[in-house]
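Chemist: So the chains spell out like this:
There are 2 protein chains.
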Amino acid sequence: MIGIFDSGLGGLTVVNAIMKQLPGYDLLYFGDTARTPYGTKSKETVIGYSFENTDFLIKKGAEIIIIACNTASSVATRRLTEKYDIPIFEVITPAVEDALTVSGKRRIGIIGTRATVNSNIYKKKIQAKDPDARVYSNACPLLVSLVEEGWLKKPETRMIVKKYLHPLKGGQIDTLILGCTHYPLLKDIIQQKIGKRVKIIDSSLSVAAQIKEFIKKNPEIDGLLSKGGKASFFVSDITDQFTKTAKKILKKDIHLEHVVQ
Amino acid sequence: MIGIFDSGLGGLTVVNAIMKQLPGYDLLYFGDTARTPYGTKSKETVIGYSFENTDFLIKKGAEIIIIACNTASSVATRRLTEKYDIPIFEVITPAVEDALTVSGKRRIGIIGTRATVNSNIYKKKIQAKDPDARVYSNACPLLVSLVEEGWLKKPETRMIVKKYLHPLKGGQIDTLILGCTHYPLLKDIIQQKIGKRVKIIDSSLSVAAQIKEFIKKNPEIDGLLSKGGKASFFVSDITDQFTKTAKKILKKDIHLEHVVQ
Numbered sequence: 001m002i003g004i005f006d007s008g009l010g011g012l013t014v015v016n017a018i019m020k021q022l023p024g025y026d027l028l029y030f031g032d033t034a035r036t037p038y039g040t041k042s043k044e045t046v047i048g049y050s051f052e053n054t055d056f057l058i059k060k061g062a063e064i065i066i067i068a069c070n071t072a073s074s075v076a077t078r079r080l081t082e083k084y085d086i087p088i089f090e091v092i093t094p095a096v097e098d099a100l101t102v103s104g105k106r107r108i109g110i111i112g113t114r115a116t117v118n119s120n121i122y123k124k125k126i127q128a129k130d131p132d133a134r135v136y137s138n139a140c141p142l143l144v145s146l147v148e149e150g151w152l153k154k155p156e157t158r159m160i161v162k163k164y165l166h167p168l169k170g171g172q173i174d175t176l177i178l179g180c181t182h183y184p185l186l187k188d189i190i191q192q193k194i195g196k197r198v199k200i201i202d203s204s205l206s207v208a209a210q211i212k213e214f215i216k217k218n219p220e221i222d223g224l225l226s227k228g229g230k231a232s233f234f235v236s237d238i239t240d241q242f243t244k245t246a247k248k249i250l251k252k253d254i255h256l257e258h259v260v261q
Numbered sequence: 262m263i264g265i266f267d268s269g270l271g272g273l274t275v276v277n278a279i280m281k282q283l284p285g286y287d288l289l290y291f292g293d294t295a296r297t298p299y300g301t302k303s304k305e306t307v308i309g310y311s312f313e314n315t316d317f318l319i320k321k322g323a324e325i326i327i328i329a330c331n332t333a334s335s336v337a338t339r340r341l342t343e344k345y346d347i348p349i350f351e352v353i354t355p356a357v358e359d360a361l362t363v364s365g366k367r368r369i370g371i372i373g374t375r376a377t378v379n380s381n382i383y384k385k386k387i388q389a390k391d392p393d394a395r396v397y398s399n400a401c402p403l404l405v406s407l408v409e410e411g412w413l414k415k416p417e418t419r420m421i422v423k424k425y426l427h428p429l430k431g432g433q434i435d436t437l438i439l440g441c442t443h444y445p446l447l448k449d450i451i452q453q454k455i456g457k458r459v460k461i462i463d464s465s466l467s468v469a470a471q472i473k474e475f476i477k478k479n480p481e482i483d484g485l486l487s488k489g490g491k492a493s494f495f496v497s498d499i500t501d502q503f504t505k506t507a508k509k510i511l512k513k514d515i516h517l518e519h520v521v522q
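Protein chains in written order, with my numbering: chain A, 1 to 261; chain B, 262 to 522.
This is chain A alone, in the form it adopts within the complex (with noise of 0.2 Å):
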């Protein structure tokens, strides 16, 4: 099965795009909801928390992970693909090398929690592939609150978004990438202040297409995986909230299984 998993609910961003890119395949999906947030945490507890998601997610029969947080992306990627053999995807590569394909001006922009933020790896990823680009970023720590809350359209979130997004602005990117996986859920506001004319990239839809394509060019390990239409969503925690947020993240109900780590 394809494994997923996330800090908490905003890996569903995730889920939904690999279910609209293959339908049919079935999903395994784990929310840390116990521990989250990730993004305010160090790398090493972060690391650590990886570690014990991957596990979990091997043992339920993952034969690929999607590591669908940008945080434990951004510093948990080297040490999984170190560990275990089989196949680990992450949200950064594929959404940078979407905003390099877009982006005429070269002038890039990234939000992201603080620890995704503070690890750089959207910039040394850009400055990798092009020494030229400009890349401007600002962590957002408040918005992954915010969308747990469902306050999605609330006044006070638009001005949160406004004063975050101010210093990206200064930069003129033309191209921004939503580097959190709960972002996409405030997609609307997000281009509405950094203006019509900037691209947005929503890692989630990103590594989608990545998957497709590596599946596409793998059929040894696309025969690995089982696809009878299911999804089982594992949560570390289980409140009414947690409910209602996975509901409004993919839009139907479904039903969170509560595993003690």
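Source of the hints: derived by calculation from the structure; they are not laboratory data.
Owing to the predicted nature of the structure, the values given are computational and were not obtained by experimental measurement.
The beta-carbon is built from N, C-alpha and C at its ideal position, and this holds for glycine as well.
Mixed in with the good hints there might be a few duds.
[Claimed, not checked] Rough simulated footprint, nothing fancy, chain B against chain A, three-plus residues with beta-carbon under 8 Å:
id, stretch
1, 21–35
2, 84–98
3, 134–148
4, 151–165
[As the list claims (entries may be wrong)] Pair by pair, the computed Cβ-Cβ distance ranges are:
id, chain 1, residue 1, chain 2, residue 2, range
5, A, Y84, B, K478, 55 to 61 Å
6, B, D501, A, K212, 37 to 43 Å
7, A, D188, B, E305, 34 to 40 Å
8, A, V259, B, A389, 34 to 40 Å
Assemble chain B onto chain A, guided by the hints.
Modeler: Below, chain B alone, put in the same frame as chain A:
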């Protein structure tokens, strides 16, 4: 020693209050920054974390425990007092007693995390002592994130506080309990938005006064507590932002020691 635990750094407001009421008493603080926040999580998860935190403090030499977190106080106190033989204090009861002492109209408001408000514990404790008291509560889940980000005076914070207090204003309360150890840092804004005449009960001050009283009445416990004027601060995760927030709350530099639980 006096052991104090919290989901993160908000409990440092209790440390401040204890240091003022009981100067010279040695303190052990544990902040569960790796798994913060607790207020959005389930009862069973918070109980499990509270056991681990208490075990840690006892191993380090705590002779009494203060649960400096309203969420853990709300959902875990009974389970902790059943398990451990040493005195365990929580922040709810002393705040309720102080509120009932000052409220003339017997119309009391509570703000807290979703877990605290959903537990209904304040209402139960208030009405156990005065069945005629009217209790109004509202969950304010975003305030913890705003405090942790240090957004103490920003216009967005003012707007969000105003929105959260709106239903309590409708209840014509004369007393408001700050049912989360982060909220004293927003006391000025809260006072302004709820109105000057409303008396604000800061549970960190209430619990510190209760402990001072308890120690005076129980000299055998007092004898167990060391008084070298030392305070040690342990956290389950460490980042620059956590260090900054701790400094902001305690108004001095402290060393946060990282322990892996």
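Chemist: Check the structure against each numbered hint from earlier and tell me which ones fail, lowest number first.
Modeler: Hint 2 is the one this structure does not satisfy, whereas the remaining hints hold.
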